[in-house]
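Position chain B with the ligands relative to chain A; hints supplied.
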Amino acid sequence: MNWEYESPRKAYGETLIELGKEREDIVVMDADLSTSTKTAMFGKEFPDRFFNVGLQEQNMMGIAAGLARSGKIVFASSFAVFATGRAYDQVRQSIAYPKLNVKIVATHGGVTVGEDGASHQMIEDLGLMSGLPNMRVIAPLDSNEVRRVIRFVAKEDGPFYVRLTRTALPNLTSGEDEFEFGKGRVMRDGSDATIIALGIEVSYSLLAAEILKKEGYDIRVINMSTIKPIDKDIIVKAAKDTGAIMTVEDHNIYNGLGSRVAEVLVENYPIRMHRHGMKDRFGRSGKWNVLLEHYGMDDKGIAKEMLGFLKEVKK
Amino acid sequence: MSSIDPEKVKELKRIANDIRVWSIKMIYRAQSGHPGGALSAADILAVLYFHEMRVDPKNPEWPDRDRFVLSKGHASAAYYAALAMRGFFPEEDLLTFRDVNSYLQGHPSLMVPGVDMCTGSLGQGLSAGIGMALAGKMDKKDYRVYVLLGDGEIEEGNVWEAAMTAATRKLDNLVAIVDRNKIQLDDFTDRMVELDPLEEKWRGFGWRVISINGHDVTQIIRALDEARKTKGRPTVIIAHTVKGKGVSYMENTAKYHGKPPQNEEEYERALKELEEERRKI
Ligand SMILES: Cc1ncc(C[n+]2csc(CCOP(=O)(O)OP(=O)(O)O)c2C)c(N)n1
Ligand SMILES: [Mg+2]
Numbered sequence: 001m002n003w004e005y006e007s008p009r010k011a012y013g014e015t016l017i018e019l020g021k022e023r024e025d026i027v028v029m030d031a032d033l034s035t036s037t038k039t040a041m042f043g044k045e046f047p048d049r050f051f052n053v054g055l056q057e058q059n060m061m062g063i064a065a066g067l068a069r070s071g072k073i074v075f076a077s078s079f080a081v082f083a084t085g086r087a088y089d090q091v092r093q094s095i096a097y098p099k100l101n102v103k104i105v106a107t108h109g110g111v112t113v114g115e116d117g118a119s120h121q122m123i124e125d126l127g128l129m130s131g132l133p134n135m136r137v138i139a140p141l142d143s144n145e146v147r148r149v150i151r152f153v154a155k156e157d158g159p160f161y162v163r164l165t166r167t168a169l170p171n172l173t174s175g176e177d178e179f180e181f182g183k184g185r186v187m188r189d190g191s192d193a194t195i196i197a198l199g200i201e202v203s204y205s206l207l208a209a210e211i212l213k214k215e216g217y218d219i220r221v222i223n224m225s226t227i228k229p230i231d232k233d234i235i236v237k238a239a240k241d242t243g244a245i246m247t248v249e250d251h252n253i254y255n256g257l258g259s260r261v262a263e264v265l266v267e268n269y270p271i272r273m274h275r276h277g278m279k280d281r282f283g284r285s286g287k288w289n290v291l292l293e294h295y296g297m298d299d300k301g302i303a304k305e306m307l308g309f310l311k312e313v314k315k
Numbered sequence: 001m002s003s004i005d006p007e008k009v010k011e012l013k014r015i016a017n018d019i020r021v022w023s024i025k026m027i028y029r030a031q032s033g034h035p036g037g038a039l040s041a042a043d044i045l046a047v048l049y050f051h052e053m054r055v056d057p058k059n060p061e062w063p064d065r066d067r068f069v070l071s072k073g074h075a076s077a078a079y080y081a082a083l084a085m086r087g088f089f090p091e092e093d094l095l096t097f098r099d100v101n102s103y104l105q106g107h108p109s110l111m112v113p114g115v116d117m118c119t120g121s122l123g124q125g126l127s128a129g130i131g132m133a134l135a136g137k138m139d140k141k142d143y144r145v146y147v148l149l150g151d152g153e154i155e156e157g158n159v160w161e162a163a164m165t166a167a168t169r170k171l172d173n174l175v176a177i178v179d180r181n182k183i184q185l186d187d188f189t190d191r192m193v194e195l196d197p198l199e200e201k202w203r204g205f206g207w208r209v210i211s212i213n214g215h216d217v218t219q220i221i222r223a224l225d226e227a228r229k230t231k232g233r234p235t236v237i238i239a240h241t242v243k244g245k246g247v248s249y250m251e252n253t254a255k256y257h258g259k260p261p262q263n264e265e266e267y268e269r270a271l272k273e274l275e276e277e278r279r280k281i
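Taken in sequence, the protein lines are chains A and B.
In terms of our numbering, the first sequence opens at residue 1 and continues consecutively.
In terms of our numbering, the second sequence opens at residue 1 and continues consecutively.
This is chain A alone, in the form it adopts within the complex (with noise of 0.2 angstroms):
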């Protein structure tokens, strides 16, 4: 397809930058990832409201909840790994249960984070955040929607997880479009069967679309951004619809889109569902795209894993 290709990580610093010239109110902080997460970006800006606090991801989020308490709105960025993992406890006990206004923005997460290995592959975030009461959480699909969600969750007051891949994403929306909070979209349509994703998935998805469509097969693709809360409605239609719905997602299968995916049906609409993704094993080193191929995450295992799936719903 023909798709343009661009960084959620750029499109993060470039606006952080522009928020910072709109609000005085608005500060950045970092733990010796900024050239990486780019929040070096709005550091150069305003290297008087940047605070780069050096290799400690819990001091960082102890000192985030210290200034969001004292009124600032506070965007505080890592990899995923290291800002939801090891600073776990901080974040629940300074920020989540004071509900403060503390953005999580973390970058590199999931598989796709490459060469680095299992140590830096954060497949648990997802899970980890959204088990925290008062926490939001939104994963965007490319960076059109990484600028609207970092813009939206600027202006609503309290605590959000963003997470963003480290790899350039296709834009699959325009710059236009509104970001519609706790609302999933159907990306593609179809009856047959159902696909939801979330992140970089969603265009694999799209593609393994193509694939089935060769194989007979009309597939609902929806990309579910926000993961909590997530949006009960377009789940439970989409089993009615189409009677089978495999989730899709740079994560493990425990904890991530598939867990919540599936609480939804079974408590609402029970059909059969299939988790794709990271199946509880940790990941491992190789380049990102070799990786989707090696895990059947990449369209022709997304297809494969569906038709599979289809075999069996379908018997």
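Check each hint, because a few of them may be wrong.
Distance ranges between label pairs, derived from CB positions [to be verified]:
1) E45/A x E264/B: 48 to 54 angstroms
2) K300/A x W160/B: 46 to 52 angstroms
3) Q262/B x K300/A: 28 to 34 angstroms
4) E176/A x E200/B: 56 to 62 angstroms
5) K44/A x P6/B: 26 to 32 angstroms
6) A168/A x Q262/B: 14 to 20 angstroms
For lysine-lysine, the following DSS-like pairs were computed, each having C-alpha atoms within a straight-line distance of at most 27 angstroms [claimed, not checked]:
7) K170/B x K10/B
8) K259/B x K170/B
9) K287/A x K25/B
10) K44/A x K259/B
11) K10/B x K280/B
12) K10/A x K237/A
13) K214/A x K311/A
14) K304/A x K213/A
15) K58/B x K25/B
16) K272/B x K259/B
17) K255/B x K10/A
18) K259/B x K287/A
19) K58/B x K182/B
20) K259/B x K10/A
21) K240/A x K314/A
22) K304/A x K240/A
23) K58/B x K44/A
24) K229/B x K25/B
25) K8/B x K58/B
26) K170/B x K229/B
27) K182/B x K44/A
28) K58/B x K140/B
29) K287/A x K255/B
30) K25/B x K272/B
Hints in this document: simulated from the structure, not taken from any laboratory.
Note that beta-carbon positions come from the ideal geometry of N, C-alpha and C, so glycine has one too.
Chain B with the ligands alone, transformed into the frame defined by chain A:
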């Protein structure tokens, strides 16, 4: 002070040079990795694996072996090079570093023969080292435990929790080495967190402190000797180093912390400079 055989010193220098060459080759081929901190740690790794440590490459899990934790796990290229040259696995495998089908993971992993601990998330290795040192005392074994830390890494609070505990427990079988290259990922350490007076900090935490030039193999050998003779408390060696040591354009800059040589020309230049360095040994 006992004298050290000059031939031995030369040999260790050559090994350190080989580690640097391998690191550059591995990282360039993978188009991914961390040259700066690999090059600064090469001399320390050479002395540890080819002089100081008691290991058996044929039996990597030998219960009496000395332990090593590369707490600054991103220097994996240099670490794997040392392990391969020491005989833990074939040197040709080094050129599969970071590939999807390779066991040579981007950061140290127990998949790799000779690796004692998974690392990569900074600030945790000294704790694991304490566990190994405590177990050694419990089991009445005389093995020693070495932990290599980055200077940016020691900004993590976990390191200082471990520092207090190691001293409290009088772990004289534990040696921490800080690769004091004065640079972390984003910038110079002193522009981010004031680490100095570093020696005094460790001393205040109850450690024996030895400051050395971390590129002088004789000084590294002597410091490790001193550590072995120190009883009743752990030793930290503050190894003053140069980030990117041996490749001029990588020296003293954060730019090549996590970036391979940027093109064929830079790659060739790195190898040429290391070759010249070798001829001087
Ligand atoms: C907990 C944690 N936070 C962030 C990182 C990302 N990171 C990798 S290396 C590095 C800088 C390390 O600097 P230093 O310890 O001085 O290493 P050296 O200079 O020896 O390469 C950072 C921030 C990490 N690996 N772990
Ligand atoms: Mg350093």
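Consistency of the hints with the structure:
1. Judged by the Cβ atoms, the range 48 to 54 angstroms given for E45/A and E264/B is violated: they are separated by roughly 35 angstroms.
2. The hinted range of 46 to 52 angstroms is satisfied by K300/A and W160/B, whose Cβ atoms lie roughly 49 angstroms apart.
3. Distance hint for Q262/B and K300/A: a CB-CB separation of about 33 angstroms, consistent with the stated range 28 to 34 angstroms.
4. Between E176/A and E200/B the C-beta distance comes to about 59 angstroms, which sits within the given range of 56 to 62 angstroms.
5. Between K44/A and P6/B the Cβ separation comes to about 50 angstroms, which falls outside the hinted range of 26 to 32 angstroms.
6. Taking the beta carbon of each, A168/A and Q262/B are about 19 angstroms apart, inside 14 to 20 angstroms as hinted.
7. Between K170/B and K10/B, the direct Cα distance comes to roughly 35 angstroms. Violation of the 27 angstroms bound is thereby established for this hinted pair.
8. At roughly 40 angstroms between alpha-carbon atoms, K259/B and K170/B are farther apart than 27 angstroms, so this suggested pair is violated.
9. In summary, the hint linking K287/A to K25/B is supported, as the alpha carbons are separated by about 18 angstroms, within the 27 angstroms threshold.
10. The straight-line distance between the Cα atoms of K44/A and K259/B is roughly 22 angstroms, inside the 27 angstroms bound, and the hint therefore holds.
11. The suggested pairing of K10/B with K280/B holds, with an alpha-carbon distance near 10 angstroms, which does not exceed 27 angstroms.
12. Taking the CA atoms of K10/A and K237/A, the gap is about 35 angstroms. The hint is violated against a cut of 27 angstroms.
13. About 16 angstroms separates the Cα atoms of K214/A and K311/A, which keeps this hinted pair within 27 angstroms; it holds.
14. The straight-line distance between the Cα atoms of K304/A and K213/A is roughly 12 angstroms, inside the 27 angstroms bound, and the hint therefore holds.
15. In summary, the hint linking K58/B to K25/B is supported, as the alpha carbons are separated by about 26 angstroms, within the 27 angstroms threshold.
16. Under the criterion of a C-alpha separation no larger than 27 angstroms, the hint pairing K272/B with K259/B is consistent with the structure, at around 19 angstroms.
17. Of the supplied pair hints, the one linking K255/B and K10/A holds, its CA atoms being roughly 18 angstroms apart against a limit of 27 angstroms.
18. Distance restraint check for K259/B and K287/A: the Cα-Cα separation of roughly 15 angstroms lies within the 27 angstroms cut-off, and the hinted pair is therefore satisfied.
19. Annotation: proposed proximity of K58/B to K182/B is violated, straight-line Cα distance about 37 angstroms (limit 27 angstroms).
20. For the hint pairing K259/B with K10/A, the CA-to-CA distance comes to about 18 angstroms; that is within 27 angstroms, so the pair holds.
21. In summary, the hint linking K240/A to K314/A is supported, as the alpha carbons are separated by about 15 angstroms, within the 27 angstroms threshold.
22. Among the hinted pairs, K304/A with K240/A is consistent with the structure: their alpha-carbon atoms are about 23 angstroms apart, no more than 27 angstroms.
23. Taking the CA atoms of K58/B and K44/A, the gap is about 52 angstroms. The hint is violated against a cut of 27 angstroms.
24. Taking the CA atoms of K229/B and K25/B, the gap is about 38 angstroms. The hint is violated against a cut of 27 angstroms.
25. Between K8/B and K58/B the alpha-carbon distance is near 23 angstroms, which keeps this suggested pair within the 27 angstroms criterion.
26. Distance hint between K170/B and K229/B is fulfilled; the C-alpha atoms sit about 14 angstroms from each other, no more than 27 angstroms.
27. Distance restraint check for K182/B and K44/A: the Cα-Cα separation of roughly 22 angstroms lies within the 27 angstroms cut-off, and the hinted pair is therefore satisfied.
28. Among the hinted pairs, K58/B with K140/B is consistent with the structure: their alpha-carbon atoms are about 24 angstroms apart, no more than 27 angstroms.
29. With a C-alpha separation of about 22 angstroms, the suggested pairing of K287/A with K255/B holds against the 27 angstroms cut-off.
30. The straight-line distance between the Cα atoms of K25/B and K272/B is roughly 12 angstroms, inside the 27 angstroms bound, and the hint therefore holds.
Hints 1, 5, 7, 8, 12, 19, 23 and 24, counting from the list given before, are not met by this structure.
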